[in-house]
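Asker: Now for the letters of each chain:
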Amino acid sequence: MAVHETTENAKTTAARTPNRGLRWLRRHIITIAGLCTLGYLILPNIVVMVFSFNKPNGRFNYQWQRFSTDAWSDPCGVADLCGSLGLSLQIALWATIGATVLGTMIAFALARYRFRARSGVNTLIFLPMAMPEVVMAASLATLFLNMGIQFGFWTILIAHIMFCLSFVVTAVKARVMSMDPRLEQAAQDLYASPVQTFLRVTLPIAAPGIASGALLSFALSFDDFIITNFNAGSTVTFPMFVWGSAQRGTPVQINVIGTAMFLVAVLCVVVGQLAGKRRKRS
Amino acid sequence: MTKTATPQSSGGDVRLQGISKTYGSFTAVHPLDLTVPAGSFFALLGASGCGKTTTLRMIAGLEEPTTGTVELSGQDVTVLPPYKRQVNTVFQNYALFPHLDIYENVAFGLRRRGIKSVKKQVEEMLDLVQLGPMARRKPQQLSGGQQQRVAVARALINHPQVLLLDEPLGALDLKLRRQMQLELKRIQTEVGITFVHVTHDQEEAMTMADTVAVMNGGRVEQLGAPADLYENPATTFVANFLGTSNLIEAEVVEAGGEELLLKAGDAKLRLPAGRCSASARTGEKVLAGVRPEKVALKHTDDAGAITEGHNRLPGRIKDASFIGVSTQYVIEVPGLGELAVYEQNIERDGRLVPGAEIVLHWNPAHTFGLDAAQDIQAGADLDEEAA
Chain Y
1 MAVHETTENA
11 KTTAARTPNR
21 GLRWLRRHII
31 TIAGLCTLGY
41 LILPNIVVMV
51 FSFNKPNGRF
61 NYQWQRFSTD
71 AWSDPCGVAD
81 LCGSLGLSLQ
91 IALWATIGAT
101 VLGTMIAFAL
111 ARYRFRARSG
121 VNTLIFLPMA
131 MPEVVMAASL
141 ATLFLNMGIQ
151 FGFWTILIAH
161 IMFCLSFVVT
171 AVKARVMSMD
181 PRLEQAAQDL
191 YASPVQTFLR
201 VTLPIAAPGI
211 ASGALLSFAL
221 SFDDFIITNF
231 NAGSTVTFPM
241 FVWGSAQRGT
251 PVQINVIGTA
261 MFLVAVLCVV
271 VGQLAGKRRK
281 RS
Chain F
283 MTKTATPQSS
293 GGDVRLQGIS
303 KTYGSFTAVH
313 PLDLTVPAGS
323 FFALLGASGC
333 GKTTTLRMIA
343 GLEEPTTGTV
353 ELSGQDVTVL
363 PPYKRQVNTV
373 FQNYALFPHL
383 DIYENVAFGL
393 RRRGIKSVKK
403 QVEEMLDLVQ
413 LGPMARRKPQ
423 QLSGGQQQRV
433 AVARALINHP
443 QVLLLDEPLG
453 ALDLKLRRQM
463 QLELKRIQTE
473 VGITFVHVTH
483 DQEEAMTMAD
493 TVAVMNGGRV
503 EQLGAPADLY
513 ENPATTFVAN
523 FLGTSNLIEA
533 EVVEAGGEEL
543 LLKAGDAKLR
553 LPAGRCSASA
563 RTGEKVLAGV
573 RPEKVALKHT
583 DDAGAITEGH
593 NRLPGRIKDA
603 SFIGVSTQYV
613 IEVPGLGELA
623 VYEQNIERDG
633 RLVPGAEIVL
643 HWNPAHTFGL
653 DAAQDIQAGA
663 DLDEEAA
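The listed protein sequences derive, respectively, from chains Y and F. Mapping of the first sequence onto the numbering used here: position 241 corresponds to residue 241, and the numbering continues sequentially without gaps. Position in the second sequence counted from 1, then plus 282, gives you the numbering used here.
Just so you know, the hints here were simulated from the structure itself, not pulled from any lab data. Predicted model only: the values in this text are computed from it and were never measured. In this text, a Cβ means the ideal position worked out from N, Cα and C, and glycines have one as well. Hints are supplied without guarantee of correctness; some may be wrong.
To be verified - Using C-beta positions, here's what the derived DEER-type ranges look like:
no.	chain 1	residue 1	chain 2	residue 2	range
1	F	397	Y	39	50 to 60 Å
2	Y	275	F	308	27 to 37 Å
3	Y	270	F	396	33 to 43 Å
4	Y	121	F	655	51 to 61 Å
5	F	489	Y	208	34 to 44 Å
6	F	415	Y	130	29 to 39 Å
7	F	348	Y	127	40 to 50 Å
Let's have the full structure, built from the sequences with the hints guiding it.
Answerer: Structural data, given as structure tokens:
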């Protein structure tokens, strides 16, 4: 190839230009593809961000009119928006705690012990990830109805913990399975009682798996709509509020909340990366 | 049992009585009695799967013996969990805590025993293993040899009565292994703690240990000082696993005196009666053994110059390989098979090339006798595998 190119270059100078362009493309094609994908992923967020500074004429925030910070200076200006946001955050927090604690324990049991129901539990844990959400939502609602349970905060929380569990179990189990069992033996050999061994060695080593399970749970619970909608009764979470308002007109405040969530998430990732880098350097 | 060790505490002895371990129908360790004297460097040597690591783990408390008792310094610890035993282990592949830095790895044992001011002790220990500047690094940032030293420091800082080492040098390359062997021996002499070292490397065991127990198939084949085991192997396994041995099937033709007279093929061999571990009455079969480096070669033309009274066997050089310090010959002896001879390269006889007719000879005092009822090849191929 190289030889071929040099002879061609020697022949004509005119052929050089397209050739050079091709070579440039060949060298940068991966970067270009990467940037395109990144743009594809990030563009919706940018649109949301830009429209949070819009001042729409009607009730719908679909067309750019003019720049304004009205929505940013009064994010709770729409009735019920901040209430539903608070409820969603509350549910996400409790669902994360519940699913992480239960899921971690299940993961340890599945990774460490051989018991009769082990394969059965493994399948059950996988089900919420594989099953269509609507089906799960409807059957849960049927269950609650038949048991005569009042729909509301608690039914939503129970439903969220259920589907978050599988993600926590999967994340933690992978981490525990790859852990060298000799580390725990070494801890015991160095005078750590079983409780100390768990707190000082097992848990810190499993921590990244637990943390990623918890983060996933929070994100999944916060933006769940289908299951929540079936099991909420008259309670309104943030995704349900957005859905409801979309029928009647979308307030700019929704974009403000969306942008804020996006920025918080980005900030978390950046801080995490920096902390990791500094730890590696020292 | 109190876990407060004084810094001056020296080693304790280990006494295993009738200890065994079975997994289902598989017996990993047959009932075993073993005493490791306080302050000694003791090696358990054997090929993989011989039960040496299981024995070590039973001393540490990581494995519960099926039968028998473990005593440390006269105290029965058989039912004590590992964290209540005053022993520490250097694990194979070290098992350093990846989430803690070197300093905290070394301080781990002290902190678990509730000792608050660990700084001085940790720094001293890191100096002992020459890793002071590495204190704040994570284990994965260290080389294999450095990780190995951290593992030793992490165990030794607790001043255990006994330090258990499970193939601690297995993951290192040859040169580093040699260096660490001397290092470990130095540390052991310095701190005076009893070391029990598990290894499959016979050279490592002989270099470092005062006493070596050779294990095979869940049993101790022989126990003794390295030189003793090498010079007077009691079984064909020990003879072949520790170095190389020439074993010759022979028949006792004359017994009763200080020397036995044997007949091997057409040749007559002499064997000191005291060096024959088998019963040797006239007419019985024994295995006469001799180490390759104890045997000398003479060209057939010079056979007259061989010292009177030496054992002799005629043969032909089949192969010769020059390896620097010595030349290793394979000699074909008619009727007896192949024998190995290692000659130091001091005065090389140019006629000693493959095909040459020669006479092997050695001082009868270097001959040892073994029971002929054993597998003559036992342990021979294991050694090659391990090396």
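Asker: With reference to the structure, classify each hint as holding or not holding.
Answerer: Here's how the hints hold up against the structure:
1. Judged by the Cβ atoms, the range 50 to 60 Å given for residue 397 of chain F and residue 39 of chain Y holds: they are separated by roughly 58 Å.
2. For residue 275 of chain Y paired with residue 308 of chain F, a C-beta distance near 49 Å fails the hint of 27 to 37 Å.
3. Separation of residue 270 of chain Y from residue 396 of chain F is about 40 Å and conforms to the stated range, judged on CB atoms against 33 to 43 Å.
4. For residue 121 of chain Y and residue 655 of chain F, the Cβ-Cβ distance of about 56 Å falls inside the hinted range of 51 to 61 Å, so the restraint holds.
5. A hinted range of 34 to 44 Å for the beta carbons of residue 489 of chain F and residue 208 of chain Y is consistent with their spacing of about 42 Å.
6. Remark: the range hint 29 to 39 Å for residue 415 of chain F to residue 130 of chain Y is contradicted by a beta-carbon distance near 53 Å.
7. Our hint of 40 to 50 Å for residue 348 of chain F and residue 127 of chain Y holds, since their Cβ atoms are close to 42 Å apart.
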